[in-house]
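Colleague: Sequence:
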Amino acid sequence: MLNQNLVFQTLQETGVNFFTGVPDSYLNGFCNYALQHFPERNIIAANEGNAIGIAAGHYFASGEIPLVYMQNSGIGNAVNPLASLVDEHVYAVPMVLLIGWRGQPGTGDWPQHELQGKITTKLMDVMEIPYTVLEDDDVLGAEAIKKAVAYCKENRKPYALIAPKGVMAGEKANDKDQSYPMSREQAIEVLLDHLPADTIYSATTGRATRELFFLRERRNESKERDFLNVGSMGHASSVALGIALEKPERKVVCLDGDAAAMMHMGALTMVSKYPVKNFLHVVLNNGAHESVGGQPSAGQRINFTKIAEACGYTTVGKPIDNEEELIAAIRKLQNAPTAAFMDVRIHKGLSGKLPPLAFSHKEAIDDLMRELQH
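Each residue of the sequence shown is one higher than the last, beginning at 8 in my numbering.
Everything labelled a hint here was simulated from the structure, so no lab data went into it. Wrong hints could be hidden among the right ones.
Here are the simulated lysine-lysine pairs, PhoX-like style, with alpha carbons at most 25 Å apart [what the hints assert, rightly or not]: (1) 313 x 339; (2) 230 x 280; (3) 153 x 230; (4) 153 x 129; (5) 154 x 164; (6) 125 x 160; (7) 325 x 258; (8) 230 x 254; (9) 258 x 313; (10) 129 x 172; (11) 325 x 360; (12) 369 x 230; (13) 360 x 230; (14) 254 x 325; (15) 160 x 172; (16) 369 x 313; (17) 325 x 369; (18) 369 x 339; (19) 258 x 339; (20) 129 x 164; (21) 164 x 153; (22) 172 x 153; (23) 313 x 325; (24) 154 x 172; (25) 164 x 254; (26) 284 x 254.
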């Protein structure tokens with residue numbers, strides 16, 4: 008693990024003192040250091056493309072080279088602004104990209120990271136962005152940073168630093184709080200208890216998928232009605248909408264996260280165009296990027312309910328703070344004339360220790376398709 012004091016000292020010495028991006032578990036050490044020591048210069052973005060744009064704006068206003076951090080799964084969100092805004096033939100914006108390398112070939116990882124890991128360096132080659140794979144060596148790490156910044160300054164182009172597992176590691180931020188009484192698991196179980204037994208669930212990437220999976224096991228219930236969105240952060244609600252449009256006779260629920268919902272918030276607008284009164288969109292809002300380190304999101308700073316209402320959802324008019332309010336909201340919205348929405352405020356942290364989520368993705372999706380198509 009690289010010494011983060013040295014990492015940031017080197018960045019400061021080379022003139023890099025503005026950071027923006029989306030937190031990643033492989034970059035916990037970096038993200039937590041930036042959060043603690045540079046709160047005014049560390050902008051946690053809604054998605055990776057958003058971060059590229061913020062970084063470009065910083066460069067235009069200051070002439071200083073920014074650093075953008077992300078997991079390699081977020082490269083997809085960043086490709087468009089990297090190719091059509093930052094590129095040397097457009098506005099020639101230099102920036103250091105710090106990328107956590109999930110699914111690095113030969114290291115072993117979950118299936119959703121396998122292809123992304125295989126193509127990470129190839130994507131850099133396709134976009135003509137030079138890169139260095141960081142090593143767990145402080146001297147080599149400092150040299151790589153200096154090389155990256157020097158290249159950016161000389162060429163007005165991006166340079167990527169790719170971080171394998173452990174190189175930028177660190178402890179997760181404190182994930183315990185008592186701001187709201189319900190945990191994520193408790194909120195999900197209330198929904199399972201009070202919605203029809205044949206409800207279809209689409210759970211967002213991270214802890215929501217794990218908690219739904221293990222709740223089903225604990226309750227001795229079938230998993231054939233659950234879609235576990237183990238990758239593609241921010242798209243669980245779109246999958247749920249696609250199912251709801253095709254199966255209007257079935258209740259379809261998205262178990263979303265606040266950071267995931269904000270990552271592709273434009274998806275909320277779709278219910279204004281189509282009659283999907285069988286669709287219930289639930290944001291389990293703890294105000295954090297909890298699954299990748301616990302860094303704060305804007306989830307509890309914004310009014311999801313008013314945003315949802317403006318997009319065409321029926322709501323109960325305010326955030327839901329406890330179990331009693333959640334039960335009342337389920338009853339009130341069960342016959343909503345449009346798609347329904349809930350902002351369910353929960354506290355950070357797991358109610359218990361969960362094992363890794365190991366299952367056959369193909370078997371799970373085949374079971375769901377049989378359930379939906381019979």
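Colleague: Confirm or reject each hint.
Modeller: A quick look at each hint next to the structure:
no., hint, in the structure
1, 313 x 339, "17 Å, holds"
2, 230 x 280, "31 Å, violated"
3, 153 x 230, "50 Å, violated"
4, 153 x 129, "23 Å, holds"
5, 154 x 164, "13 Å, holds"
6, 125 x 160, "29 Å, violated"
7, 325 x 258, "22 Å, holds"
8, 230 x 254, "18 Å, holds"
9, 258 x 313, "23 Å, holds"
10, 129 x 172, "19 Å, holds"
11, 325 x 360, "31 Å, violated"
12, 369 x 230, "13 Å, holds"
13, 360 x 230, "20 Å, holds"
14, 254 x 325, "29 Å, violated"
15, 160 x 172, "28 Å, violated"
16, 369 x 313, "38 Å, violated"
17, 325 x 369, "39 Å, violated"
18, 369 x 339, "37 Å, violated"
19, 258 x 339, "15 Å, holds"
20, 129 x 164, "18 Å, holds"
21, 164 x 153, "15 Å, holds"
22, 172 x 153, "21 Å, holds"
23, 313 x 325, "8 Å, holds"
24, 154 x 172, "21 Å, holds"
25, 164 x 254, "48 Å, violated"
26, 284 x 254, "11 Å, holds"
Of the numbered hints listed earlier, those contradicted by the structure are 2, 3, 6, 11, 14, 15, 16, 17, 18, 25.
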